[in-house]
Amino acid sequence: MPLILQIVGYSNSGKTTVAEKLVQLFTRHGFKVGVVKHDVHGFEVDQPGKDTYRYRQAGGVKVGILGPGKAAFMVEREVLLEEVFEFYRDMDLILVEGFKNRPFPRIEVIRSEIYQEPFSPPELLVAVVSDLNLEVDCPVFGFGEIDNLFQFLLKYFEKGGGV
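Each number in this note's numbering comes from the position in the sequence shown (counting from 1) with 8 added on.
Because the hints were derived from the structure by calculation, they are not lab data.
Note that this is a predicted model, so its numbers are computed, not measured.
The beta carbon of each residue, even a glycine, is placed where N, CA and C say it ideally should be.
Just to be clear, a hint being listed does not mean it is correct.
[As the list claims (entries may be wrong)] Here are the in silico distance ranges between beta carbons for each label pair: (1) Asp139 - Gly67: 46 to 56 Å; (2) Ala79 - Gln124: 33 to 43 Å; (3) Lys70 - Glu143: 20 to 30 Å; (4) Asn156 - Glu86: 18 to 28 Å.
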């Protein structure tokens, strides 16, 4: 089973930027990294008029498209995070952006103009990335210190951290 690490925070706090940098660093270090993002507002990967859109509109329950070097699959139902983990089982690390109500080890991203205090249960909080000097029971890294966060996470995983 891959290691699982959440990146949580409110909208526009910088979660995607932090996750993107961590994906780059872990990949350079030889990790196979999978990423899954939660979008509470809903999203659309298809476009009206495209073949896959037409298949879905016609009633296709599962629709996929395969091309050179990539693939996408769409289903017309809520997909459980555990189902995604099964699809990612060949990864070394799964970064989960969002799903803040799920109980996985996490990094919380706090930007002062959005909010000032962590909302995560302390027992799940591995680290915080913030522009504030916070007093919490885990390391706090600035937005310019993602390399240091990466080094910390390597040690955390070596010591058996992660799910």
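Comparing the hints with the structure gives:
1. Asp139 - Gly67: 46 to 56 Å: holds (49 Å)
2. Ala79 - Gln124: 33 to 43 Å: Holds, at about 42 Å.
3. Lys70 - Glu143: 20 to 30 Å: violated (49 Å)
4. Asn156 - Glu86: 18 to 28 Å: For Glu86 against Asn156, whose Cβ atoms are near 37 Å apart, the range 18 to 28 Å is violated.
Violated hints, listed in ascending order, are 3 and 4; each of the other numbered hints is respected by the structure.
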